[in-house]
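Visitor: Sequence:
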Amino acid sequence: MSVMRLDKLLAETGAGSRSEVKKILKNGAVTVNGAMEKRPDRKIDTDCDTVMYQNREVKYEPFIALMLNKPAGCVTATEDRSHKTVMDDICHPAKDRLFPVGRLDIDTEGLLLLVNDGELAHRLLSPKHHAEKTYYVRVEGRLTEETVRAFEEGMDIGEKKKTLPAKLSILDSGEISEAEVTLYEGKFHQVKRMFAACGLKVLYLKRISMAGILLDPSLEPGQWRALTPEECLRLKER
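The opening position of the sequence shown corresponds to residue 1 in the working numbering, with each subsequent residue numbered one higher.
Since the hints were derived computationally from the structure, they do not count as laboratory data.
Quantities reported herein were computed from a predicted structural model and do not represent experimental measurements.
Note that CB positions come from ideal geometry on N, CA and C, so glycine has one too.
None of the hints are false.
25 Å max Cα-Cα, derived DSS-like pairs, lysine-lysine:
#, residue 1, residue 2
1, K128, K162
2, K128, K187
3, K23, K8
4, K236, K128
5, K187, K206
6, K187, K201
7, K43, K59
8, K43, K26
9, K206, K162
10, K187, K161
11, K95, K84
12, K95, K22
13, K162, K201
14, K192, K167
15, K23, K95
16, K187, K160
17, K192, K162
18, K95, K59
19, K201, K160
20, K128, K167
21, K26, K8
22, K187, K167
Cβ-Cβ distance ranges computed for the label pairs, FRET-style:
#, residue 1, residue 2, range
23, E140, K160, 23 to 33 Å
24, K160, T182, 21 to 31 Å
25, A72, E132, 19 to 29 Å
26, L203, G102, 18 to 28 Å
27, E146, Y60, 48 to 58 Å
28, K8, E220, 27 to 37 Å
29, K161, K95, 36 to 46 Å
30, S126, K8, 25 to 35 Å
31, E220, K162, 34 to 44 Å
32, G118, H189, 22 to 32 Å
33, E146, H189, 15 to 25 Å
Work out the full structure, taking the sequences as your base and the hints as a guide.
Guide: Have a look at this one:
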């Protein structure tokens, strides 16, 4: 059983800010178990009580996790004065409680997880937990077994420590090469810097998985969906 104030429940499920919620209640727009309720401090059992607002049932979700197929051209932030953000594509009643797990560069596409659990986000990003991230990449230049070994051994990209060992799987090698790269840490512009250290320029970068969660291939850039219960469990078990 989870018990919380009615105004807190409405605010956390996207009805509005605390002050807006008080106006909503004052106007008689909310019912609890079929009866109009105007008291902000009314205690709600989220397992048993039925709360209705704007002809929809208000459901409290303690843990929320979404996947977004991030398009190029937007920044990984909750707000930005100069650029479109990843949150601009999200239309979810609890949007204000969500934040991105880590960052993708403005020109990088692909899987971005958004959650409302700060502790989980920190754990997924912590190097000591080694949550793997896999990217599809196109580079200018030829990939060789020497490149594979350089990634496996870790490399100097201008920081105090070498990168952790990473996995490079060559898909095609030529003037323009394709590969998948799996990292176990998240340094600034890491994929681009690792290829640059090998004399190669990244032309296109897309994250296709993180922490065992695969990007849904049905999602077009800018589209999102909630994680399934199985995916949420997989995430929490990391």
